[in-house]
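K.L.:
Assemble chains B and C onto chain A, guided by the hints.
Okay, here's what each chain looks like letter by letter:
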Amino acid sequence: MGILQLLIPKDRIFFPLLEKASFNLVTISKALYDALTTTSAEERIVLIREIERIEHEGDKVTHEIMHQLSATFITPFDREDIHELTSAIDDILDHIHGSAKRIEIYKVTNISPAMIKLAELIQQAADELYKAIHELRDLKNTNTIREASIRINSIENHADDVFDNAVAKLFEEEKDAIELIKIKEVLQNLEKATDKCEDAANVLSSILVKHS
Amino acid sequence: MGILQLLIPKDRIFFPLLEKASFNLVTISKALYDALTTTSAEERIVLIREIERIEHEGDKVTHEIMHQLSATFITPFDREDIHELTSAIDDILDHIHGSAKRIEIYKVTNISPAMIKLAELIQQAADELYKAIHELRDLKNTNTIREASIRINSIENHADDVFDNAVAKLFEEEKDAIELIKIKEVLQNLEKATDKCEDAANVLSSILVKHS
Amino acid sequence: MGILQLLIPKDRIFFPLLEKASFNLVTISKALYDALTTTSAEERIVLIREIERIEHEGDKVTHEIMHQLSATFITPFDREDIHELTSAIDDILDHIHGSAKRIEIYKVTNISPAMIKLAELIQQAADELYKAIHELRDLKNTNTIREASIRINSIENHADDVFDNAVAKLFEEEKDAIELIKIKEVLQNLEKATDKCEDAANVLSSILVKHS
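Protein chains in written order, with this note's numbering: chain A, 1 to 212; chain B, 1 to 212; chain C, 1 to 212.
Pulled out of the complex, with its shape left as it was, chain A reads as follows:
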């Protein structure tokens, strides 16, 4: 790894931006979990506004990374990996925002345990991504990235099960079709967020393979 570190150009553009993106990921996941677990309707709205704000912030970071990818000649990793990682993070924020927005627009008041569990899993995956992305800078503890990737894959599997069971239960118990549509869409957005965490983790694995 010693030689590798010498060869990697001291990037001052992409690492800070990716770290900013991963920070948004952590804060939006925390806001989501808080929004789903608060008992106060007012606080929930405040937190959904916050989720919106962070998603908007994330959009700016995404645009900036994409702009820098076009404008910069040398990138610390394969251009397409940075592109894919950024898109995946952008998609995670989008789906988190999508679930929160639906809770507001559809006036969903009955937050189910499955929704809270999925939000918890998203938060765990976001924390893992945060750690792994900070390791990209010097690639000293590649095990951190490797382990994060394994954990995120298992989190996504877990989320799949939670989602499948929740949807099966929903179709068994919910007789009001419009209610069913609302809850199903919230669950779907939460589950998609964990899918996109796995996509991000796969890009990190791929970067690792290329640099070892």
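Be careful, since some hints might not be right.
Computed, partial: chain A to chain B, Cβ under 8 Å [said to hold, decoys possible]:
| no. | residue |
| --- | --- |
| 1 | 66 |
| 2 | 67 |
| 3 | 70 |
| 4 | 71 |
| 5 | 74 |
| 6 | 106 |
| 7 | 177 |
| 8 | 178 |
It is worth saying that the hints were derived from the structure and are not from the lab.
Each residue gets a CB set at the ideal place from its N, CA and C atoms; glycine is no exception.
P.N.:
Here is chains B and C on its own, set in the frame of chain A:
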């Protein structure tokens, strides 16, 4: 820019194809707007047939561009940018066709103001894309591309708001779940079309950055 | 073609993996068709478990190909074509699994003729992809790939019609919104599977163009 223009090879393949694609975009958007605003059921069906025809035409252009990307050694822009731009335009046509098809298949007769507003926004974005794509040829007035991109981003934001409000209203007022599903899907396809216009605009911005 | 065959490095990594992926495609499509046509509820469950197993198997092959793409310096075709082809196959398996899973979770017992027809079309497309992918190895009978690609495109068009008619009929006849949602989702997953077969066929065409 003078030197740049000398360096860009005189492309006789991709510019005409991309311009054809952008022309399809303009005519399909116009047909969509007309289909949503006509008061004649027969005329609507004629226009939906026309939308289908243009979408089919667009598929051929997409295939031709993709074929040329594989067969041509030198491209006027990054291969992946042409690929992404073409895919985005293809997706816009698909979603426009998707909304029109659903209006027909689901026998939606009650065209809401939100649908018409979204069709209007799609038409505006298509016009902007048309202008911007024609600027690619010599990149003389790069401001045209820059301004088109900014306007399309703001059109997409506007479309998001129109969509969110329409869906919130739908869930408040529509008590027939099957009706709700039909209208929601038409709205979703229209909104997705504006998303894809934004994707196309982002590729154009990225091409601009690389050539300035 | 003689010189071409000399130039292509004897790949011992990607061909076996892609052939394995195409084999999974054939077995999962057969299991799907059998699951939809069996009259025994127990056998259907056994076949859905089998579909799940193959999908899981396919995930491993996908990961292995993606890993090899990062770890291998020389690839027999453009890196991005292998990536796209693998993703398309992975998506086909996902949508087949998605349709089977929904039949189980939603307790869909009334398998419609349209579902069976779509499963039949998926099986035909999978067989074509299997043959075409085995031709990649020496590219001797490029017509096999060309003809497979044409047939898959026509299969996808056919599937589109079957799907559109089935959905139109569903909205006309099914008055229970929750039933409608269930059946529509199963149909959508089946139709998406044929879309992804077309995506895979398009990548094969593109590889062909580059090597002729």
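K.L.:
Any hints this thing doesn't respect? Which numbers, in order?
P.N.:
5
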